[in-house]
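**Student:** Line by line, the protein sequences are chains A and B. Using the numbering used here, you'd call the opening residue of the first sequence number 1 and step up by one each time. Using the numbering used here, you'd call the opening residue of the second sequence number 1 and step up by one each time.
One should not assume that every hint holds.
Here are the simulated PhoX-like pairs of lysine-lysine, each with C-alpha atoms no more than 25 Å apart in a straight line [as the list claims (entries may be wrong)]: (1) B/K142 - A/K179; (2) B/K56 - A/K179; (3) B/K66 - B/K83; (4) B/K56 - A/K41; (5) A/K66 - B/K83; (6) B/K83 - B/K142; (7) A/K41 - B/K83; (8) B/K66 - B/K56; (9) B/K66 - B/K41; (10) A/K41 - A/K179; (11) B/K179 - B/K142; (12) B/K179 - B/K41; (13) B/K41 - A/K66; (14) A/K41 - B/K142; (15) A/K142 - A/K83; (16) B/K56 - A/K142; (17) A/K179 - A/K142; (18) A/K66 - A/K83.
FYI, nobody ran anything at the bench for these hints, they're computed from the structure.
Protein chains: 2
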Amino acid sequence: MVTSRWTAAPARAASPRRRGVVLERAILDAALEQLGEVGWKGLTMEGVAAGAQTGKAAVYRRWPSKEDLVADALAAGLSRVDKAPDLGSVREDLLALCRQVREIMYSPLGVALRSVIHECDRVQADRFQEVIVGGVVEPTVKLLGEVITRGIERGEVRRDAANSYVLDAVPAMMMYRSKMCASEWRDEDLVEMIDQLMLPLLRPHGG
Amino acid sequence: MVTSRWTAAPARAASPRRRGVVLERAILDAALEQLGEVGWKGLTMEGVAAGAQTGKAAVYRRWPSKEDLVADALAAGLSRVDKAPDLGSVREDLLALCRQVREIMYSPLGVALRSVIHECDRVQADRFQEVIVGGVVEPTVKLLGEVITRGIERGEVRRDAANSYVLDAVPAMMMYRSKMCASEWRDEDLVEMIDQLMLPLLRPHGG
């Protein structure tokens, strides 16, 4: 097996330099760094190669275009929301989950991601939006479902609450106020949203 | 009074061409038409002047830049949401209001507005976003407040429901699903949102 790999890629086998995953990781890291420093328009394949201390060909071999490279760099850099908090009450679980989302939204990477979307053209923006949807929005909705389902099991939440409109309410509000009101979602804002919007929405009818 | 007006603007008074409001309206209409046909990047002051059958100077005299012209053209073209429906129940009023918002969002102007925001740079996009906020979002939130307040008076809606989180829920959901899920908000989607999200959120607790 090893022999056949060398045969398939003789050029790489002959090189003493970093290969495969290690080199890829260095290139993706350099791309994120460039993105933070010079933005989407300033980022070049040459600059990324220099940052990763490799040649331009090593970058182009893996990513045929700047768009491909940046999409992978952003996806790799997103620390995903992947654990549903389980603190014993739907109020505490929602608050913990909203804090996780806020952390991603306002991390240097989240900020870079939003400015990339603003800087580039429509087709590119759509592609990077998919990175946000797949990396942040969909995992968040899934975890909200878990939190609400546990609330139903505890009798805290009405039985018909786990529908797609209820699940979308938190990401919709967080996106909307961040975009339209430049809200930074301080802790007291999250608490207010949960107490004034989510708990009235979730509580058992007549309970 | 008439005399002093002529004295203040002798150049215009001497011209037999359209003046003032009439010419302005023709220029704004031509700008909207161009925007729909060639988009933000393709629109030129020359093209707008030609469309309005006037000279470039007449356009520049009123709007020093393309941004100024387009912002005014969009604002003038937006058919504002300005009447709260009053159909006797909060469910029917919400549905009627959501239909009004959808009509603006998916009108040729609304579509042009969103593509302008996508096509132009961040500073320009922020400016045009203000047109959306002032022309659609804020009036909608105000009318939602009226609808919910009437629901409270009728005893249909809990007394503490008219808070900013509840009022933002409809525009937040409409923006979010239009952007993230490419929803076109068919009538059945609006009905579902009202029945699954808004009515549970609004009904009196224990009522």
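**Student:** Decide, hint by hint, whether the structure agrees.
**Tutor:** Hint-by-hint comparison with the structure:
Distance hint between B/K142 and A/K179 is fulfilled; the C-alpha atoms sit about 19 Å from each other, no more than 25 Å. Distance hint between B/K56 and A/K179 is unfulfilled; the C-alpha atoms sit about 36 Å from each other, more than 25 Å. With a C-alpha separation of about 32 Å, the suggested pair B/K66 and B/K83 falls outside the 25 Å cut-off, and the hint is violated. Restraint check: the Cα-Cα separation between B/K56 and A/K41 comes to about 33 Å, which exceeds 25 Å; the hinted pair is violated.
With a CA separation close to 49 Å, the supplied pair A/K66 and B/K83 exceeds the 25 Å bound. Our distance criterion of 25 Å between C-alpha atoms is met by B/K83 and B/K142, whose separation comes to about 10 Å. For the given pair, A/K41 sits about 44 Å from B/K83 by alpha-carbon distance, which is inconsistent with the 25 Å threshold. For the hint pairing B/K66 with B/K56, the CA-to-CA distance comes to about 12 Å; that is within 25 Å, so the pair holds.
Distance check on the hinted pair: B/K66 and B/K41 sit about 10 Å apart at the alpha-carbon level, within 25 Å; holds. Of the supplied pair hints, the one linking A/K41 and A/K179 holds, its CA atoms being roughly 22 Å apart against a limit of 25 Å. Annotation: proposed proximity of B/K179 to B/K142 holds, straight-line Cα distance about 23 Å (limit 25 Å). Restraint check for B/K179 and B/K41: satisfied, since their Cα atoms lie roughly 22 Å apart, inside the 25 Å limit.
The hinted pair formed by B/K41 and A/K66 meets the criterion: a straight-line CA distance of about 23 Å does not exceed 25 Å. Simply put, A/K41 and B/K142 have alpha-carbon atoms about 40 Å apart, too far for the 25 Å limit, and the pair is violated. For the suggested pair A/K142 and A/K83, the alpha carbons sit about 10 Å apart, so the restraint of at most 25 Å is met. Restraint check for B/K56 and A/K142: the C-alpha separation of about 55 Å exceeds 25 Å, so the hint is violated.
Between A/K179 and A/K142 the alpha-carbon distance is near 23 Å, which keeps this suggested pair within the 25 Å criterion. Between the alpha carbons of A/K66 and A/K83 the distance comes to roughly 32 Å, so the proposed pair goes past 25 Å and is violated.
Hints 2, 3, 4, 5, 7, 14, 16, 18 from the earlier list are contradicted by this structure; the remaining hints agree with it.
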